[in-house]
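Asks: Kindly produce the complete structure, drawing on both the sequences and the hints.
So the protein lines, in turn, are chains A and B.
Counting from 1, one number per residue, gives the positions in the first sequence under our numbering.
Counting from 518, one number per residue, gives the positions in the second sequence under our numbering.
Any given hint could be a false lead.
Cut-off 30 Å, straight-line C-alpha distance, at most; resulting in silico cross-link-like pairs (DSS-like, lysine-lysine) [what the hints assert, rightly or not]: (1) A:Lys-469 with A:Lys-495; (2) A:Lys-52 with B:Lys-612; (3) B:Lys-523 with B:Lys-563; (4) B:Lys-612 with B:Lys-588; (5) B:Lys-531 with A:Lys-52; (6) B:Lys-540 with B:Lys-588.
I should point out that these hints are in silico values taken from the structure, not numbers from a laboratory.
Residue-level listing of the chains:
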Amino acid sequence: MRPIETRYARSGDVRIAYQVIGQGSFDLVFVPGFISNLDLQWEDEGYSRLLKRLSAFSRLILFDKRGTGLSDRVDTHHLPSLETRMDDVRAVMDATGSGRAAILGASEGAPMAMLFAATYPERTRALVLYGGYAHFHKWVMPPERLEAFIETAETSWGTGATLPNFAPGRVDDTHFTQWWARFERLSASPTAAAALARMNAGIDVRDMLGTISVPTYLIHRRNDARVDPDASRFLARKIPGARLVEISGRDHPIWTGDVDRVADLIEEFLTGEPAVADVERVLAALLVTRIYDTARLGDRLWSERSLRFQENWRMLVGRHGGRVAGTHGELMIARFDGPARAVRCAALLREAAQEIGVASAQGVHVGEIEVRGPPTGLTARVAMQLAAHAERGHILCSRLVAELAAGSGLHFTDAGRISLDELDEPLALVQVTAEQHLEPACRPKPKPAEPATLTARESEVVSLIADGKSNAAIAAELELSEHTVKRHVANILLKLDLPSRAAAAAFSARHAGPDGP
Amino acid sequence: MLTKTKTVDGAAIKKAIEGRDGKLLSSFYTDDALVRVVDRNNPPSKPREIRGRAAISIFWDDICSRAMTHKVDTTIAEGDNLAFMQACAYPDGTKVVCAAMLELKNGLIARQTVVQAWDE
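Replies: What follows is the structure in structure tokens.
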């Protein structure tokens with residue numbers, strides 16, 4: 001598959017970056033919220049999942065609004081009106097040859113999408129608004145809170161400091177917070193971010209809602225942290241024939257939380273057919289890590305250590321090519337492509353737990369899991385039960401794991417069988433043993449070379465190097481060609497296993513006798 | 518508009534597709550026609566099915582709303598069966614090729630199977 005191409009449409013004097021993906025029979029234009037970056041969004045698992053789902057039934061057209069992401073910057077002293085920005089949608093549609101499209105507006109993208117639908121009904125197939133609103137101050141934040149938000153943006157933009165305003169459920173996810181910080185930096189500069197926030201604060205499209213004549217579908221999360229769900233309830237009352245679905249969740253960005261639920265609703269509304277349940281299953285190795293407190297640390301110390309361990313867990317899972325699949329309290333589930341990686345990661349997690357001062361017990365199992373959502377099927381339940389049965393510091397695996405990891409250099413010992421209600425036969429178990437080294441872990445340091453191995457001439461050269469003389473000076477003093485001196489120096493460094501002239505000089509100083517080295 | 522007494526033929530299809538005339542295309546189908554599309558996202562065991570003239574009309578309206586070129590190259594007719602090849606291009610150069618097999622009933626399209634491939 002060729003990489004996704006980013007192209008630029010011209011909207012007046014401004015270039016708008018866009019991408020087109022998918023082969024559906026109708027077009028779907030995604031109008032993003034506050035900030036976006038066409039390249040970066042593919043690096044987030046939730047974002048790319050959403051885009052892949054949408055592009056499976058449509059020809060999906062993505063763009064960065066003017067002033068954000070890969071599109072041209074705007075003059076922060078002369079901010080464009082909502083009408084001008086809305087016209088960017090038309091420019092992108094023209095460039096992609098889209099005569100008529102369904103418009104999906106998310107968050108701040110919703111007012112733009114509504115304005116587009118009201119202005120160009122003949123080019124709007126349908127309207128889908130996620131977490132949208134018609135009036136910023138009424139449903140997003142009042143003027144005084146906006147000033148505080150802008151101050152945060154101006155002082156700590158690029159650090160991910162705005163994340164709690166959008167997705168409070170992800171603030172403990174270090175991987176995501178790092179992504180969010182990059183998302184801030186690559187989507188807008190600090191000045192532009194503050195200007196965009198002010199520009200969005202001026203949004204009020206309440207008067208035109210009654211003129212929207214296209215089929216409209218509204219989705220809002222019941223506990224949305226950024227936009228009050230009342231915003232969509234108002235839209236549902238004012239837009240003729242609009243239908244509202246409230247779903248659970250509090251994280252605001254459309255690519256966080258239960259992305260599949262959002263995609264299901266959009267697909268069903270736009271295609272008229274329920275999304276075909278995605279029953280794709282893949283083979284995966286699951287590692288369940290359980291940590292617990294044996295030292296009676298007290299709540300505060302325990303929660304600090306638990307958090308520290310979880311950070312380590314995310315980092316180590318990532319480093320072993322695994323994916324963090326979810327946490328249930330002190331139970332952490334990670335998914336790997338192969339069992340050896342899962343076991344190696346488990347071994348390092350055991351060390352991390354020891355260092356941090358928490359007790360760990362882990363289980364590894366291999367089996368099919370559903371691609372969609374966190375692993376909840378039989379494979380996950382078995383892995384969790386293995387972690388529950390494992391003793392402190394142990395890594396308990398099904399024997400299948402050991403069989404599949406043959407040749408990996410990992411060592412296992414038999415650990416009996418376990419009867420699980422859901423399995424017809426007892427499951428054979430193995431335990432991971434500490435790595436056994438056939439050779440000592442550290443090689444003894446080679447004995448330092450003796451100066452006696454140098455020839456008389458080489459010894460002379462070394463002492464002249466120690467005097468700080470250049471090759472040319474040494475050549476003159478010893479009546480040799482410079483080329484020969486160079487060869488002597490190279491041989492000296494080789495014999496003494498030294499990296500540089502300076503090292504040779506230091507060596508000479510260490511070994512200097514009354515008559516030189 | 519095609520009258521029901523006239524049989525759909527290759528020339529009519531070519532004219533409607535190349536002219537991006539969704540309304541005319543929809544009028545070629547029986548009320549309960551079935552169009553099946555097989556492509557990357559809709560594999561042979563689970564093709565996309567568009568049932569009835571109303572849904573087929575939306576399908577063609579969507580496709581004909583795109584500012585792209587369509588060319589119908591080859592049409593083969595045999596009794597109540599019709600087949601044609603179609604080459605399409607988007608403004609950005611993306612090419613699509615479709616092969617369609619049609620079954621006619623009383624001169625209108627009752628069943629159509631489309632297999633398509635996109636540049637990617």
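Asks: Hints first: check each against the structure and report whether it holds.
Replies: Evaluated hints:
| no. | hint | verdict |
| --- | --- | --- |
| 1 | A:Lys-469 with A:Lys-495 | 20 Å, holds |
| 2 | A:Lys-52 with B:Lys-612 | 21 Å, holds |
| 3 | B:Lys-523 with B:Lys-563 | 34 Å, violated |
| 4 | B:Lys-612 with B:Lys-588 | 11 Å, holds |
| 5 | B:Lys-531 with A:Lys-52 | 33 Å, violated |
| 6 | B:Lys-540 with B:Lys-588 | 18 Å, holds |
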